[in-house]
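A.B. asks: Just so you know, the sequences run in chain order A and B.
Just so we're aligned, residue 1 is where the first sequence starts under my numbering, counting upward by one.
Just so we're aligned, residue 1 is where the second sequence starts under my numbering, counting upward by one.
No lab work stands behind these hints, which were simulated from the structure alone.
Every residue gets a Cβ at the ideal spot worked out from N, C-alpha and C, and that includes glycine.
One should not assume that every hint holds.
Unchecked claim - Covered stretches of chain A, as calculated for chain B (at least 3 residues, CB under 8 Å):
hint	stretch
1	34 to 43
2	74 to 83
3	117 to 125
4	220 to 229
5	252 to 263
Residues per chain are reported as follows:
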Amino acid sequence: MKLDPTVCVFGEDVGHYGGSYKVTKGLADMFGDLRVLDTPIAENSFTGMGVGAGMKGLRPVVEGMNMGFLLLAYNQISNNCGMLHYTSGGQFKIPVVIRGPGGVGRQLGAEHSQRLESYFQSIPGLQMVACSTPYNAKGLMKAAIRSENPVVLFEHVLLYNLKEKIPDEEYVLCLEEAEMVRPGEHVTILTYSRMRYHVMQAAKTLVDKGYDPEVIDIRSLKPFDLHTIGNSIKKTHRVLIVEECMRTGGIGASLRSAIIDNFWDYLDAPIMCLSSQDVPTPYASTLEDATVVQPAQIVAAVEQICQ
Amino acid sequence: MAAAILRRVTHTTAAAAAAATPRVSPLPLLARGISDSTDTITVETSVPFMNHIVDPPSRSVTTTPHELLTFFRDMSVMRRSEIAADSLYKSKLIRGFCHLYDGQEAVAVGMEAAITRRDAIITAYRDHCLYLARGGDLVSAFAELMGRRDGCSRGKGGSMHFYKRDANFFGGHGIVGAQVPLGCGIAFAQRYRKEGTVTFDLYGDGAANQGQLFEALNMAALWKLPVILVCENNHYGMGTAEWKASKSPAYYKRGDYVPGLKVDGMDVLAVKQACKFAKDHALENGPIILEMDTYRYHGHSMSDPGSTYRTRDEIAGIRQERDPIERVKKLILAHDFATAQELKDMEKEIRKQVDDAIAKAKESPMPDASELFTNVYVNDCGLESFGVDRKVLRTVLP
Numbered sequence: 001m002k003l004d005p006t007v008c009v010f011g012e013d014v015g016h017y018g019g020s021y022k023v024t025k026g027l028a029d030m031f032g033d034l035r036v037l038d039t040p041i042a043e044n045s046f047t048g049m050g051v052g053a054g055m056k057g058l059r060p061v062v063e064g065m066n067m068g069f070l071l072l073a074y075n076q077i078s079n080n081c082g083m084l085h086y087t088s089g090g091q092f093k094i095p096v097v098i099r100g101p102g103g104v105g106r107q108l109g110a111e112h113s114q115r116l117e118s119y120f121q122s123i124p125g126l127q128m129v130a131c132s133t134p135y136n137a138k139g140l141m142k143a144a145i146r147s148e149n150p151v152v153l154f155e156h157v158l159l160y161n162l163k164e165k166i167p168d169e170e171y172v173l174c175l176e177e178a179e180m181v182r183p184g185e186h187v188t189i190l191t192y193s194r195m196r197y198h199v200m201q202a203a204k205t206l207v208d209k210g211y212d213p214e215v216i217d218i219r220s221l222k223p224f225d226l227h228t229i230g231n232s233i234k235k236t237h238r239v240l241i242v243e244e245c246m247r248t249g250g251i252g253a254s255l256r257s258a259i260i261d262n263f264w265d266y267l268d269a270p271i272m273c274l275s276s277q278d279v280p281t282p283y284a285s286t287l288e289d290a291t292v293v294q295p296a297q298i299v300a301a302v303e304q305i306c307q
Numbered sequence: 001m002a003a004a005i006l007r008r009v010t011h012t013t014a015a016a017a018a019a020a021t022p023r024v025s026p027l028p029l030l031a032r033g034i035s036d037s038t039d040t041i042t043v044e045t046s047v048p049f050m051n052h053i054v055d056p057p058s059r060s061v062t063t064t065p066h067e068l069l070t071f072f073r074d075m076s077v078m079r080r081s082e083i084a085a086d087s088l089y090k091s092k093l094i095r096g097f098c099h100l101y102d103g104q105e106a107v108a109v110g111m112e113a114a115i116t117r118r119d120a121i122i123t124a125y126r127d128h129c130l131y132l133a134r135g136g137d138l139v140s141a142f143a144e145l146m147g148r149r150d151g152c153s154r155g156k157g158g159s160m161h162f163y164k165r166d167a168n169f170f171g172g173h174g175i176v177g178a179q180v181p182l183g184c185g186i187a188f189a190q191r192y193r194k195e196g197t198v199t200f201d202l203y204g205d206g207a208a209n210q211g212q213l214f215e216a217l218n219m220a221a222l223w224k225l226p227v228i229l230v231c232e233n234n235h236y237g238m239g240t241a242e243w244k245a246s247k248s249p250a251y252y253k254r255g256d257y258v259p260g261l262k263v264d265g266m267d268v269l270a271v272k273q274a275c276k277f278a279k280d281h282a283l284e285n286g287p288i289i290l291e292m293d294t295y296r297y298h299g300h301s302m303s304d305p306g307s308t309y310r311t312r313d314e315i316a317g318i319r320q321e322r323d324p325i326e327r328v329k330k331l332i333l334a335h336d337f338a339t340a341q342e343l344k345d346m347e348k349e350i351r352k353q354v355d356d357a358i359a360k361a362k363e364s365p366m367p368d369a370s371e372l373f374t375n376v377y378v379n380d381c382g383l384e385s386f387g388v389d390r391k392v393l394r395t396v397l398p
């Protein structure tokens with residue numbers, strides 16, 4: 001926001017309250033009420049306003065207080081944000097960033113535990129990224145703001161408290177690149193967002209058991225970084241996808257298809273995909289834990305693939 | 001026939017004249033006999049403005065012979081184009097949806113006369129004439145309708161997606177009401193950059209019941225955005241009469257805390273007056289609603305005959321009593337600014353120009369197969385990605 005006066009923020013309680021997860025804390029004091037705009041509770045129209053402002057030359061960052069609320073703005077995101085560059089024959093670009101926390105938290109209930117990455121996947125014209133560490137959150141946010149395309153940046157409710165030492169200076173990560181978390185030889189584990197941590201926890205157990213998993217945080221949900229993923233598959237020949245979105249129509253489903261289309265000959269075992277159950281997230285803690293993939297399941301899956 | 005294209009400045013008031021950008025008229029004025037004087041005359045609007053929380057502007061509108069003739073010509077071009085589009089649709093050269101504007105021309109022309117090209121206009125799908133009013137040319141309009149390469153959206157948008165960025169015309173939207181928040185966003189950017197310009201955010205009586213309109217209006221009023229919400233009330237939301245869809249069809253009052261004016265949308269001078277007033281108001285005080293009482297002769301779209309939910313007598317009656325072009329014609333003839341024959345010749349000239357444009361548009365080829373994949377993303381870093389797998393599925397067209 002310091003570098004470019006056209007960058008502004010729209011969202012509920014982003015200004016004086018500092019953001020419900022403190023992402024925009026202090027920005028209103030620095031940049032004023034117009035650049036860090038506290039909106040009424042009107043997702044459909046303030047997302048539309050963000051798109052209109054983008055058409056007119058600003059670079060809004062639109063926050064959904066919880067990603068799930070952006071379902072109300074689906075029309076604006078799909079028809080206007082995603083498609084206007086095409087239907088205007090290239091005349092208008094929509095350099096907006098739509099971001100917010102999603103994912104299953106701690107007993108937040110069904111409506112506040114949604115994963116929208118699968119819903120937005122098919123929209124042509126959108127790019128989607130998911131951050132998972134303080135380091136990649138900063139780099140991806142900067143890349144998303146700089147992109148001329150509309151980018152949906154998926155954050156996770158449970159990851160805001162992570163602490164990590166990151167460089168003070170400017171750095172921009174590539175929106176389309178995946179991150180190699182742990183190189184290995186036996187199996188390629190593809191994951192993103194919070195499940196990365198479950199995978200790494202499982203990896204500790206797997207290493208003790210003598211396995212050598214390669215863990216890749218795919219980060220870019222649309223498009224996939226098939227270059228990095230492909231190189232990994234060519235090495236390990238086995239793939240496990242671990243994701244938090246629902247099994248049906250999820251990111252994993254598309255990723256599996258893409259891998260089969262492109263890397264069939266390199267596979268020695270069927271691709272396994274561990275996803276959340278196709279249920280509304282229940283409130284009870286034990287049931288909620290069973291909705292998402294747990295490290296024990298990841299270990300079992302790797303053992304099965306590597307048989 | 002004079003071949004020169006005349007440049008002229010709209011003279012609304014002296015102050016506005018200074019701010020107005022010169023417009024190129026789409027047709028040469030016949031040199032002989034027609035008065036192109038810029039001496040002002042004053043005309044009363046057909047009916048007084050109805051107002052809500054704001055004092056209405058005066059019923060007396062200043063205009064010039066030159067302006068009236070331009071109104072006549074511009075509206076005639078629009079009328080002729082929409083009728084030509086009707087024939088093209090019936091000959092299956094235009095497909096899909098085609099929403100025609102004939103009857104409503106005064107709104108587009110009057111609005112354009114009150115503002116500059118730095119002000120923004122956004123509308124829904126009945127957008128052909130707004131595009132022409134903003135300086136769009138006939139060839140690119142017809143080419144777009146026929147899905148050809150030289151269309152204003154390269155053949156990829158169609159009837160509902162006309163845009164003209166250099167004239168601040170933001171389209172062209174198919175989903176009812178979705179353009180209203182976009183318009184408020186454009187106005188937000190205008191305020192953010194302190195441009196001193198406004199946005200005219202058009203919607204219909206059907207869209208007036210969309211929740212996002214009230215959401216956007218609330219925000220526009222909170223932040224004093226320079227937006228004018230214009231309800232083009234043609235009294236029918238597709239097949240539903242306004243009184244069947246809206247508990248309160250007084251759309252100019254539905255802003256509640258936002259002021260509103262009801263304007264005779266078939267009277268181009270009243271539209272001009274109201275838009276000028278609204279622009280000044282919006283720059284000072286934030287949003288205002290203009291309800292344009294207008295009428296469409298065609299059905300909602302080409303698939304709607306337009307006579308199952310209204311009587312032919314009603315349509316004929318409006319055409320008889322309130323047609324915007326006839327009204328201007330009567331004014332011109334009454335003041336002797338041109339003879340009836342001269343106006344007839346102008347109409348013939350316009351008909352020819354429209355036909356020529358259609359012929360030229362027909363020559364434009366279909367878009368190249370590669371255009372399927374252009375403009376999905378703005379090309380950054382030379383990357384083109386479409387599906388999640390970054391693969392482009394190239395089909396070979398027969």
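A.B. asks: Decide, hint by hint, whether the structure agrees.
C.D. replies: Evaluated hints:
1. 34 to 43: holds (count 6)
2. 74 to 83: Contact hint for the stretch 74 to 83 of chain A vs chain B: holds, 4 residues under 8 Å.
3. 117 to 125: holds (count 3)
4. 220 to 229: holds (count 5)
5. 252 to 263: Holds: 6 residues of the stretch 252 to 263 of chain A have a Cβ under 8 Å from chain B.
Checked against the numbered hints above, the structure breaks none of them.
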